[in-house]
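Protein chains in written order, with my numbering: chain Y, 1 to 207; chain Z, 1 to 207; chain H, 1 to 207; chain U, 1 to 207.
Misleading hints may appear alongside valid ones.
Taking lysine to aspartate or glutamate and the DMTMM-like style, the derived pairs with C-alpha atoms no more than 20 angstroms apart in a straight line are [unchecked claim]: (1) H:K74 <-> H:D64; (2) U:K74 <-> H:E142; (3) H:K124 <-> U:D146.
Taking CB as the label site, the calculated pair distances span [to be verified]: (4) H:Q109 <-> Z:G49: 33 to 43 angstroms; (5) U:G25 <-> H:T134: 19 to 29 angstroms; (6) H:T205 <-> U:D130: 32 to 42 angstroms; (7) Z:G119 <-> U:G119: 41 to 51 angstroms; (8) H:T131 <-> Z:F158: 54 to 64 angstroms; (9) Y:G119 <-> H:R24: 28 to 38 angstroms; (10) U:E153 <-> Y:P162: 52 to 62 angstroms; (11) U:F8 <-> Y:Q145: 39 to 49 angstroms; (12) U:Y157 <-> H:G128: 31 to 41 angstroms.
Source of the hints: derived by calculation from the structure; they are not laboratory data. Glycine included, every Cβ here is placed at the ideal spot set by N, Cα and C.
Number of protein chains: 4
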Amino acid sequence: MKQTKQFFDLAIALAAIGEDLHRRGWVPATSGNFSQRLDEHSAIVTASGRHKGRLAPTDFLAVDLNGQPLSDGKPSAETLLHTQLYARFADIGAVLHCHSPSVTVLSRQISGNTLRLEGYELLKAFNGIDTHDTFVDIPIFENTQDIAALADEVDTYFNSHPNTPAYLIRGHGVYCWGEDLDSCMRNLEALDFLLQCDLQERMLTRK
Amino acid sequence: MKQTKQFFDLAIALAAIGEDLHRRGWVPATSGNFSQRLDEHSAIVTASGRHKGRLAPTDFLAVDLNGQPLSDGKPSAETLLHTQLYARFADIGAVLHCHSPSVTVLSRQISGNTLRLEGYELLKAFNGIDTHDTFVDIPIFENTQDIAALADEVDTYFNSHPNTPAYLIRGHGVYCWGEDLDSCMRNLEALDFLLQCDLQERMLTRK
Amino acid sequence: MKQTKQFFDLAIALAAIGEDLHRRGWVPATSGNFSQRLDEHSAIVTASGRHKGRLAPTDFLAVDLNGQPLSDGKPSAETLLHTQLYARFADIGAVLHCHSPSVTVLSRQISGNTLRLEGYELLKAFNGIDTHDTFVDIPIFENTQDIAALADEVDTYFNSHPNTPAYLIRGHGVYCWGEDLDSCMRNLEALDFLLQCDLQERMLTRK
Amino acid sequence: MKQTKQFFDLAIALAAIGEDLHRRGWVPATSGNFSQRLDEHSAIVTASGRHKGRLAPTDFLAVDLNGQPLSDGKPSAETLLHTQLYARFADIGAVLHCHSPSVTVLSRQISGNTLRLEGYELLKAFNGIDTHDTFVDIPIFENTQDIAALADEVDTYFNSHPNTPAYLIRGHGVYCWGEDLDSCMRNLEALDFLLQCDLQERMLTRK
Numbered sequence: 001m002k003q004t005k006q007f008f009d010l011a012i013a014l015a016a017i018g019e020d021l022h023r024r025g026w027v028p029a030t031s032g033n034f035s036q037r038l039d040e041h042s043a044i045v046t047a048s049g050r051h052k053g054r055l056a057p058t059d060f061l062a063v064d065l066n067g068q069p070l071s072d073g074k075p076s077a078e079t080l081l082h083t084q085l086y087a088r089f090a091d092i093g094a095v096l097h098c099h100s101p102s103v104t105v106l107s108r109q110i111s112g113n114t115l116r117l118e119g120y121e122l123l124k125a126f127n128g129i130d131t132h133d134t135f136v137d138i139p140i141f142e143n144t145q146d147i148a149a150l151a152d153e154v155d156t157y158f159n160s161h162p163n164t165p166a167y168l169i170r171g172h173g174v175y176c177w178g179e180d181l182d183s184c185m186r187n188l189e190a191l192d193f194l195l196q197c198d199l200q201e202r203m204l205t206r207k
Numbered sequence: 001m002k003q004t005k006q007f008f009d010l011a012i013a014l015a016a017i018g019e020d021l022h023r024r025g026w027v028p029a030t031s032g033n034f035s036q037r038l039d040e041h042s043a044i045v046t047a048s049g050r051h052k053g054r055l056a057p058t059d060f061l062a063v064d065l066n067g068q069p070l071s072d073g074k075p076s077a078e079t080l081l082h083t084q085l086y087a088r089f090a091d092i093g094a095v096l097h098c099h100s101p102s103v104t105v106l107s108r109q110i111s112g113n114t115l116r117l118e119g120y121e122l123l124k125a126f127n128g129i130d131t132h133d134t135f136v137d138i139p140i141f142e143n144t145q146d147i148a149a150l151a152d153e154v155d156t157y158f159n160s161h162p163n164t165p166a167y168l169i170r171g172h173g174v175y176c177w178g179e180d181l182d183s184c185m186r187n188l189e190a191l192d193f194l195l196q197c198d199l200q201e202r203m204l205t206r207k
Numbered sequence: 001m002k003q004t005k006q007f008f009d010l011a012i013a014l015a016a017i018g019e020d021l022h023r024r025g026w027v028p029a030t031s032g033n034f035s036q037r038l039d040e041h042s043a044i045v046t047a048s049g050r051h052k053g054r055l056a057p058t059d060f061l062a063v064d065l066n067g068q069p070l071s072d073g074k075p076s077a078e079t080l081l082h083t084q085l086y087a088r089f090a091d092i093g094a095v096l097h098c099h100s101p102s103v104t105v106l107s108r109q110i111s112g113n114t115l116r117l118e119g120y121e122l123l124k125a126f127n128g129i130d131t132h133d134t135f136v137d138i139p140i141f142e143n144t145q146d147i148a149a150l151a152d153e154v155d156t157y158f159n160s161h162p163n164t165p166a167y168l169i170r171g172h173g174v175y176c177w178g179e180d181l182d183s184c185m186r187n188l189e190a191l192d193f194l195l196q197c198d199l200q201e202r203m204l205t206r207k
Numbered sequence: 001m002k003q004t005k006q007f008f009d010l011a012i013a014l015a016a017i018g019e020d021l022h023r024r025g026w027v028p029a030t031s032g033n034f035s036q037r038l039d040e041h042s043a044i045v046t047a048s049g050r051h052k053g054r055l056a057p058t059d060f061l062a063v064d065l066n067g068q069p070l071s072d073g074k075p076s077a078e079t080l081l082h083t084q085l086y087a088r089f090a091d092i093g094a095v096l097h098c099h100s101p102s103v104t105v106l107s108r109q110i111s112g113n114t115l116r117l118e119g120y121e122l123l124k125a126f127n128g129i130d131t132h133d134t135f136v137d138i139p140i141f142e143n144t145q146d147i148a149a150l151a152d153e154v155d156t157y158f159n160s161h162p163n164t165p166a167y168l169i170r171g172h173g174v175y176c177w178g179e180d181l182d183s184c185m186r187n188l189e190a191l192d193f194l195l196q197c198d199l200q201e202r203m204l205t206r207k
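Using the sequences and the hints given, assemble the complete structure.
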């Protein structure tokens with residue numbers, strides 16, 4: 001597969017996001033991975049093990065929606081968690097996975113499999129929410145090194161919860177998506193802000 | 001209405017403030033909105049839904065002091081909360097609304113409708129305060145999607161508390177103002193600093 | 001008094017420090033003030049009420065060591081707390097006063113008039129300390145708007161504690177000094193780091 | 001010893017890391033020291049007492065693996081802790097020592113001599129770890145001003161724990177290493193992230 005101008009444009013936009021996320025401390029130690037949809041059947045995704053704060057177009061490769069490489073390089077081990085989102089939801093254009101301290105700490109502190117965010121004005125940042133007077137449930141999946149099994153588990157969850165804006169993997173990180181990179185980043189920023197608030201509220205109340 | 005040099009100058013100054021506030025994490029996920037007075041009868045205000053860290057002059061529009069657009073575009077849903085301040089207080093030149101973690105967390109943790117800040121030297125940043133040996137009460141209003149009703153409630157509050165330097169909306173954010181953009185920003189910076197201190201003191205004492 | 005090249009050089013160095021301290025959040029809302037010694041009888045000090053993150057040479061003035069202006073402008077209200085240090089200690093070349101959250105919170109939380117820092121390797125940043133196996137006592141003075149009275153109180157304290165590296169004013173801020181601006185900044189950075197550690201330790205242990 | 005192009009390249013790379021670490025607040029008040037291997041018998045190391053956020057090539061010197069200077073200048077007092085690592089492990093190319101708040105606070109809070117990090121996905125950043133379902137023990141040595149004695153103690157520890165990725169010195173800081181500067185920095189970033197998470201978890205649970 002030839003690397004087109006589209007490939008480079010998408011890569012450069014993800015590299016800029018990577019620089020921003022690294023400065024925030026959300027992709028420490030080469031963690032995290034990013035992708036954008038190329039077309040109905042493929043996406044670009046970060047190659048395995050790269051520093052996410054200084055990505056170049058050569059740090060990305062094209063994959064099909066089963067996560068198989070269409071260009072040179074070794075895709076991130078978690079590629080399937082990206083491509084399942086593009087395969088299932090036609091309106092998803094970008095997926096970001098990162099590890100912020102809030103995500104890591106909260107996903108370990110909460111013993112159940114759901115984090116409920118309730119009553120915040122900023123919930124309105126998520127699609128389809130037009131009031132603070134509601135709640136959004138963020139699912140927490142157990143961490144595993146068997147990515148195919150986790151992808152299946154996530155897929156089953158979507159059957160009953162198609163409007164989920166993001167999910168956490170316990171002690172690991174967050175997956176977040178959007179119709180394009182700007183809306184994906186808006187979702188991620190809203191989610192992490194709400195998790196930071198929730199974490200501080202727990203420190204105040206030991207709830 | 002023609003977009004004058006004044007309009008562009010005010011927009012560019014607000015865009016610079018937006019970049020600063022975004023870097024601080026106080027306007028996550030397109031939240032927040034900013035305005036400055038144009039003249040006795042109008043103000044410029046951010047358009048609805050824009051990223052507050054990278055505003056351009058085209059992301060602003062002129063409104064009258066009832067919040068009705070005087071130039072193209074859809075004003076922020078909370079425009080009325082800005083214009084009521086310009087309409088009521090002739091010496092207000094700038095209004096900033098943002099969502100910092102401290103504002104969000106504290107406004108949810110405090111069950112009453114007032115946050116009292118007492119004994120801090122930095123209280124002197126607020127107009128009319130010349131000693132640390134005093135207190136300032138910041139009102140907390142319940143959040144609502146009915147902005148006109150909230151504007152009325154705020155207006156009634158000002159009847160009995162004309163010297164209030166800012167107010168909080170529960171689980172939502174802060175409104176802050178000043179005679180010009182510099183003094184508005186000084187008030188906002190002082191307020192958020194004091195809220196951060198108060199939050200840390202609560203973590204130490206579980207007060 | 002003519003504003004010499006020395007005056008401008010000292011002002012420009014302090015302006016650069018101001019930009020750094022503002023970025024750290026230690027001089028919110030025009031708080032803080034800075035000075036450097038000009039000669040045996042005079043110093044330059046920030047003018048009253050300026051934004052400490054964007055100082056220009058015109059935001060400084062020369063004062064004698066009683067705090068009286070030698071050039072145009074209104075010196076900071078706390079000028080006397082700077083000049084008493086230059087008058088008393090011939091080897092002091094720079095004084096920084098700022099308001100960090102750690103300073104503000106800890107000085108309010110501690111009920112006594114001393115903060116003891118003990119057992120930290122970083123104590124060695126202070127002059128005359130060459131082991132971690134010691135302690136440094138930082139005095140806390142009550143806040144007051146009577147700066148002359150506070151200067152007297154500080155002066156009396158120095159009679160019995162000449163090696164103090166810094167002092168706190170309750171709910172207000174810190175005064176820190178050094179033989180030149182670099183060593184003053186090193187002391188300030190060490191102190192705030194140690195206060196941040198102490199604050200976090202108190203959050204862990206509620207000591 | 002002539003200062004070669006290699007010397008300058010290694011110094012410039014360490015200076016860039018120093019700027020980054022200073023911005024993070026991990027090398028306050030001239031603390032910390034950095035090194036890279038020159039060859040089988042020597043390394044470059046930061047000179048004593050320099051500001052770690054603005055290092056120039058003249059702020060480094062060459063030392064042999066007993067810590068003795070091979071070029072002009074006074075090496076950091078802790079040079080031996082760097083050179084023992086190069087002497088013992090042929091595949092170590094870079095060593096970073098710094099003082100972050102998390103390192104300082106946690107090493108004082110934990111009464112034992114080990115900090116166990118368990119169940120985090122980010123453990124995989126350390127060499128030889130390929131699952132979250134494990135733990136890594138970070139040793140904590142008592143602080144001392146007798147660097148030769150500490151070097152001996154560390155050396156003895158390595159006899160039984162050759163795969164340790166880093167160690168803490170109580171109330172002092174962390175030593176971290178890697179085959180080259182990038183992998184050393186990846187280890188340090190991973191470690192500090194995990195310590196930040198652990199610290200926040202302790203604040204939530206008072207464990």
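We went through each hint and held it up to the structure:
A distance of roughly 13 angstroms separates the Cα atoms of K74 of chain H and D64 of chain H; the hinted pair therefore holds under the 20 angstroms criterion. Restraint check for K74 of chain U and E142 of chain H: not satisfied, since their Cα atoms lie roughly 44 angstroms apart, outside the 20 angstroms limit. Our distance criterion of 20 angstroms between C-alpha atoms is met by K124 of chain H and D146 of chain U, whose separation comes to about 15 angstroms. At roughly 42 angstroms, the beta carbons of Q109 of chain H and G49 of chain Z sit within the given window of 33 to 43 angstroms.
At about 24 angstroms, the beta-carbon gap between G25 of chain U and T134 of chain H stays in the expected band of 19 to 29 angstroms. For T205 of chain H and D130 of chain U, the Cβ-Cβ distance of about 37 angstroms falls inside the hinted range of 32 to 42 angstroms, so the restraint holds. With their beta carbons about 44 angstroms apart, G119 of chain Z and G119 of chain U fall inside the hinted range of 41 to 51 angstroms. In this structure the supplied range 54 to 64 angstroms holds for T131 of chain H paired with F158 of chain Z, their Cβ-Cβ distance being about 59 angstroms.
Checked against the hint of 28 to 38 angstroms, the C-beta distance between G119 of chain Y and R24 of chain H comes to roughly 33 angstroms, which is consistent with it. The hinted window of 52 to 62 angstroms between E153 of chain U and P162 of chain Y holds, with their beta carbons roughly 58 angstroms apart. For the pair F8 of chain U and Q145 of chain Y, the supplied restraint of 39 to 49 angstroms holds, since their beta-carbon distance comes to about 43 angstroms. Checked against the given bound of 31 to 41 angstroms, the beta carbons of Y157 of chain U and G128 of chain H, roughly 33 angstroms apart, stay inside it.
Violated hint for the displayed structure: number 2, the only one.
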